[in-house]
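S.K.: Residue strings, one per chain:
Number of protein chains: 2
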Amino acid sequence: MITKIEGGVCAPLGFRANGVHCGIRKNKSKKDLALIVADVRCATACVYTTNLVKGAPILVTKEHVKDGYARAVIVNSGNANTCNEGGERIAEGMCKLVEAHTGIPAEDVVVASTGVIGQKLSLEPVAGGMQALCAGLNGDADGSTAAAEAIMTTDTVSKEIAFRFRAGGKECRIGAIAKGVGMICPNMATMLMFVTTDCKISPAMLQKALSADVKKSLNMVSVDRDTSTNDTLCVMASGLAGNAEIAEANADFKAFCRALNAVTTAMCRMIARDGEGATKLIECRVTGARSVNDARLAAKSVINSPLLKAAMFGADANWGRVLCALGYSGAKMDVSHVAVTFRSAAGELPVCKEGRGVEFSEEHAKKVLSEEEIVIEVTLRDGRCKATAWGCDLTYEYVKINGDYRT
Amino acid sequence: MITKIEGGVCAPLGFRANGVHCGIRKNKSKKDLALIVADVRCATACVYTTNLVKGAPILVTKEHVKDGYARAVIVNSGNANTCNEGGERIAEGMCKLVEAHTGIPAEDVVVASTGVIGQKLSLEPVAGGMQALCAGLNGDADGSTAAAEAIMTTDTVSKEIAFRFRAGGKECRIGAIAKGVGMICPNMATMLMFVTTDCKISPAMLQKALSADVKKSLNMVSVDRDTSTNDTLCVMASGLAGNAEIAEANADFKAFCRALNAVTTAMCRMIARDGEGATKLIECRVTGARSVNDARLAAKSVINSPLLKAAMFGADANWGRVLCALGYSGAKMDVSHVAVTFRSAAGELPVCKEGRGVEFSEEHAKKVLSEEEIVIEVTLRDGRCKATAWGCDLTYEYVKINGDYRT
Chain A
0 MITKIEGGVC APLGFRANGV HCGIRKNKSK KDLALIVADV RCATACVYTT
50 NLVKGAPILV TKEHVKDGYA RAVIVNSGNA NTCNEGGERI AEGMCKLVEA
100 HTGIPAEDVV VASTGVIGQK LSLEPVAGGM QALCAGLNGD ADGSTAAAEA
150 IMTTDTVSKE IAFRFRAGGK ECRIGAIAKG VGMICPNMAT MLMFVTTDCK
200 ISPAMLQKAL SADVKKSLNM VSVDRDTSTN DTLCVMASGL AGNAEIAEAN
250 ADFKAFCRAL NAVTTAMCRM IARDGEGATK LIECRVTGAR SVNDARLAAK
300 SVINSPLLKA AMFGADANWG RVLCALGYSG AKMDVSHVAV TFRSAAGELP
350 VCKEGRGVEF SEEHAKKVLS EEEIVIEVTL RDGRCKATAW GCDLTYEYVK
400 INGDYRT
Chain B
0 MITKIEGGVC APLGFRANGV HCGIRKNKSK KDLALIVADV RCATACVYTT
50 NLVKGAPILV TKEHVKDGYA RAVIVNSGNA NTCNEGGERI AEGMCKLVEA
100 HTGIPAEDVV VASTGVIGQK LSLEPVAGGM QALCAGLNGD ADGSTAAAEA
150 IMTTDTVSKE IAFRFRAGGK ECRIGAIAKG VGMICPNMAT MLMFVTTDCK
200 ISPAMLQKAL SADVKKSLNM VSVDRDTSTN DTLCVMASGL AGNAEIAEAN
250 ADFKAFCRAL NAVTTAMCRM IARDGEGATK LIECRVTGAR SVNDARLAAK
300 SVINSPLLKA AMFGADANWG RVLCALGYSG AKMDVSHVAV TFRSAAGELP
350 VCKEGRGVEF SEEHAKKVLS EEEIVIEVTL RDGRCKATAW GCDLTYEYVK
400 INGDYRT
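Chains A and B supply the protein sequences, listed in that same order. Counting with numbering that gives the first Met the number 0, you get residues 0 to 406 for the letters of the first sequence. Counting with numbering that gives the first Met the number 0, you get residues 0 to 406 for the letters of the second sequence.
The set of hints was computed from the structure by calculation and includes no laboratory data. Computed from a predicted structure; not experimentally measured. Careful: at least some of the hints might be erroneous.
Copies of the same chain look alike in the list, so a pair counts if it fits in one copy or across any two.
Stated by the list, open to error - Derived DSS-like pairs (lysine-lysine); straight-line CA-CA distance at most 30 Å: (1) Lys385 to Lys352; (2) Lys169 to Lys385; (3) Lys331 to Lys215; (4) Lys352 to Lys399; (5) Lys27 to Lys365; (6) Lys366 to Lys331; (7) Lys215 to Lys3; (8) Lys207 to Lys119; (9) Lys352 to Lys25; (10) Lys25 to Lys65; (11) Lys352 to Lys29.
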């Protein structure tokens, strides 16, 4: 039983958070520095971008979590601290500032950055903001919200979620904050996402849960097929819920994995729905594939097709583009088995059966596709495997946002 | 010595062409049916889409050119004849109409279609248009132009090219017509392109030349990373130039390959420049790669990045997006070796050296990137291999065109 609760990363026992404007971003109304601290050392697992160009903070974080533990996360927005001079020194410097202000050793700090690539970053604004950041740390929902706001870039809404679940007979909590929403095609991790839990779990099992989860959650989200250089997903487990430590793949581990998946899936939907310029969340559910890999390739190919994304923006039931995207996805399939249905709050619209078009009312199609959440159901009838991918429509606004993002 | 000449597909000896409006498209001012006929049976080579969803005409054409020869090409626009009822019967019917009106056996006819996927196609308009189509066949530039116009869909300009070259001491000619400009990410062939030559060459060597050429030409073009279901590239060689038949990989074969590459490369540039909604041609030249495959992966990844494409539309020198696209391209590289320079008629703009940003004037950057043709030079300094890819910017117009293409 997984129940949604308030509080984001502060919902689990033992975590406080805050976010402030320190001056990395010029716009003073935008927070740009976030901090999450734990009362105790936490079992910590991370996954990072597979992009060969990696942000400097990722190199520093990898070192710091090598032992499986961490106690704090510091994040800035407005500058990716990537492809620049002295990036690692700056990232390490941010961790040392956390140590100076909280007493948490720098080597127990996770650091992340998001924003423009290739710009110099100075420690000065970070140093100047630390006092207010630490003074305002709190364990209420406010703290989580401030941190969620401080990691936003082109996001239009902040992204938080929390759930309650049971493991080892104890009530546990898991919460998260995340940011999207451009350069989103995570590969082993999303842009930036920080998950906290008070469930007691060993670092090894935490990493196992996380690595398995991202394959079906964050790696299945795509806004623009651009895999970022700074993707970082970090989970910290304080263990304060009082359950017996999860140290093997038992029933408690399964309960934790289900709760983790509830968090990551909710975040996938939030990130896709808030994709740069998006007006719609597109969810593609593929069933009947020969293998999970085929199902994933097929689902992701559909939500990545710029032609389909533009058609969804125009509420145009151009299902030939779904077939086309399936055909070049690399997934094995018998085209003559394929069925496609569009579905939304306004009803369902079967458009293709056995690889061929079926008659439909254009009026009904317009109604179904004018909703804000469109499900594209693809039935392959080749096997028993399935996958879901999340994306968004392609709009004028995406072009506008990215035509002059830097300036 | 390869010299540009007039005449498109009618430039080589032995070819006539025409295009008419027959009524597949509702707009009477748009031609929708094209025919190319040869005076003699031609050695013929084709490459087709790798999309698992294949247009019905491709299945019919494959049968017809199995013996290495053909004598005519019939093409309609306005309907892709794909994922519909009885598509193969219609495609075969189009070939039979060519036989009825020209005497050329149906099994010597290449057939292709382009337009919306999943719509019923009737033979009626094709049958009605055949008389005018055949009556107007001519071997002048007019014939080629009419055919080039009749295969356009969202293309804004018709695409023709022809060159003169020498093989076996004889003057030979090679010409082509093609169409783009959406669902363009050819994989072993482009959308639709028909090449004629009067050079005498065996079917086997013609196929060899074509298959090698597309890897460095048409497979390196991408407008939207959507590989079409109907891509077909067909080369017909009449042999009327009088040269000794090219039947092995000798100097004449090389001369032919160079001429073929001049045609396909010119077409790549035309297709990319006319990409749906495009205002700019983007050419990415990668040098210093460890392997040709690495160079191709890197170049294609850059011109495919929606973020970079939007930045080019906005004339924003956001080179971090070039680095990001290189990093996730799958190409092996040492990021600390990478240098990037933007170049156009307005000058050059080095933006990155050794994987890090270099200072530049924003004013100069704006000037360089406001041109209609932008070259992105990427130097990997890891080896001696290179590749070039062609694409275009991502604009409001692309979204507009594809938001309501079908209706």
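S.K.: Flag every earlier hint the structure violates by its number, smallest first.
M.R.: When the structure is compared with the hints, numbers 2, 6, 8, 10, 11 turn out to be violated.
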